[in-house]
Amino acid sequence: MASEKDNLKALLRGFYDEAEADAVERDIRWADDAMADWPRPTPEPQLLARIKARVRGESLRRRRRRALVRALSSVAGVAVIAVAAYHVFRPAPGQAPVAGPLLPASTWAIEVESDARLEEISAELDELADSMKELQIDVSAPDSDGTIGQDVLDDEATMSLDDFWKG
Amino acid sequence: MDQEPSLEQVIIDCRRGSDRGFERLVDMFASRCYRYFYRLTGDAATSDDLLSELFVRLCEKIGSFKGGSFEKWLFTIASNIFHDHLRRQYRYRRLLDAKVLEMRQDHPPARSNDEAMDRVEKMLRRLDDDTAELLMLRFYGELSFKELAEIRSEPIGTTLSKVHRGIKRLREMLGEERG
Chain A
1 MASEKDNLKA LLRGFYDEAE ADAVERDIRW ADDAMADWPR PTPEPQLLAR
51 IKARVRGESL RRRRRRALVR ALSSVAGVAV IAVAAYHVFR PAPGQAPVAG
101 PLLPASTWAI EVESDARLEE ISAELDELAD SMKELQIDVS APDSDGTIGQ
151 DVLDDEATMS LDDFWKG
Chain B
1001 MDQEPSLEQV IIDCRRGSDR GFERLVDMFA SRCYRYFYRL TGDAATSDDL
1051 LSELFVRLCE KIGSFKGGSF EKWLFTIASN IFHDHLRRQY RYRRLLDAKV
1101 LEMRQDHPPA RSNDEAMDRV EKMLRRLDDD TAELLMLRFY GELSFKELAE
1151 IRSEPIGTTL SKVHRGIKRL REMLGEERG
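Taken in order, these protein sequences are the chains called A and B. Counting in this note's numbering, the first sequence runs from 1 upward without gaps. Counting in this note's numbering, the second sequence runs from 1001 upward without gaps.
Wrong hints could be hidden among the right ones.
[What the hints assert, rightly or not] Which residues of chain A face chain B? A few of them, derived with a C-beta cut under 8 Å, are:
1) Asp6
2) Leu11
3) Asp27
4) Trp38
5) Arg40
6) Arg54
7) Arg90
8) Met132
[To be verified] Chain B stretches covered by chain A per the calculated footprint, using a threshold of three residues with CB under 8 Å from any CB of chain A:
9) 1045-1054
10) 1075-1083
11) 1143-1150
12) 1166-1177
Hint data in this document are derived by calculation from the structure and do not stem from the laboratory. No residue lacks a Cβ here, since even glycine has one placed at the ideal position from N, Cα and C.
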């Protein structure tokens, strides 16, 4: 009963004087009893069954709609990611896509430069080898004891190596 | 033994979309809501429709229930549905000519044969719509004065005084009948 929810006495004292509050409280209690005594119309069981069926249908419809919304959201999410990825990775306007090397051009430049240097070193080494051959020939030439030839060879070799390290 | 779940549990079930939860909610509140509609419309068929509409709307809105008094929330929806019905009826009445109205008065909608029930209805008809609705919310909705005031967005003193005036009027009418 509604009056049980209210602290009627305290509530009414806030608006009426004591005598008036008592009278109002009596009227409200009378109405509570009268309403309880009056016949209470009740819904037919068939009506309740119909309402339950309608609510079940509505609930099912809502569940389906939610599932559809979820599926559409997923699809929309994937589409957004795809579009974003396309915009991030596509070439700038007017720039044709280049099927170039995967490594940056600078790497190739370094290698080309290294090759040129290598050739230069190889040439110097060949030159050194030729000098050595000539000296060997001199050494193998008939000499008194072969020591002079050996010294010359050592000096030549030292000079060549010095030239080599000087570049 | 299968224990009856609490109202809180039923509401949680409903929010999860459980059919059983909604069925329990219908079992718990259909009678009180039906009385509220029946007393205000005086028509069984209209009350059936309004009750059905109430539970469908409840099913749609259960997710927006933020806690607090469920009865207050439920009867706020019931009251809105009743007011929508009144507005529809008002428009309908405006469309009808005097002849059709006359015919409706000659053939009123089927009602309960219960004499006592007719008496209550007659008394409620003699109250203004606002007071009648307030009394029905109070007694069938079992709402406290604070909840009633909140639903109607008016000071609690105003609600209290309107309810008291309505009750006094009912007492007078009963006195007149007896006297």
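Each hint, compared with the structure:
1. Contact between A:Asp6 and chain B, as hinted, is supported at the beta carbon level, the nearest pair being about 5 Å apart and thus within 8 Å.
2. Taking 8 Å as the C-beta contact cut-off toward chain B, the hint placing A:Leu11 at the interface holds, the least distance being around 6 Å.
3. Evaluation of the A:Asp27 hint against chain B yields a held restraint, the C-beta minimum of about 5 Å falling below 8 Å.
4. Annotation: interface hint on A:Trp38 holds; nearest CB of chain B at approximately 5 Å, less than 8 Å.
5. Restraint check, A:Arg40 versus chain B: the minimum CB separation of about 6 Å is within 8 Å; hint holds.
6. Taken as an interface hint, A:Arg54 checks out: its beta carbon lies about 6 Å from the nearest beta carbon of chain B, inside 8 Å.
7. For A:Arg90, the interface hint is violated, since its Cβ never comes within 8 Å of a Cβ in chain B; the closest pair sits about 42 Å apart.
8. The closest approach between the C-beta of A:Met132 and any C-beta of chain B is roughly 94 Å, which is over the 8 Å cut-off, so the hint fails.
9. With 4 residues carrying a beta carbon less than 8 Å from a beta carbon of chain A, the segment 1045-1054 of chain B meets the three-residue requirement, and the given coverage holds.
10. Coverage of the segment 1075-1083 of chain B by chain A is violated in this model, with 0 residues showing a Cβ closer than 8 Å to a Cβ of that chain against a need of three.
11. With a cut-off of 8 Å between beta carbons, the segment 1143-1150 of chain B has 5 residues touching chain A; three or more are needed, and the interface restraint holds.
12. Counting residues of the segment 1166-1177 of chain B whose C-beta sits closer than 8 Å to any C-beta of chain A gives 5, which meets the bar of three, so the coverage hint holds.
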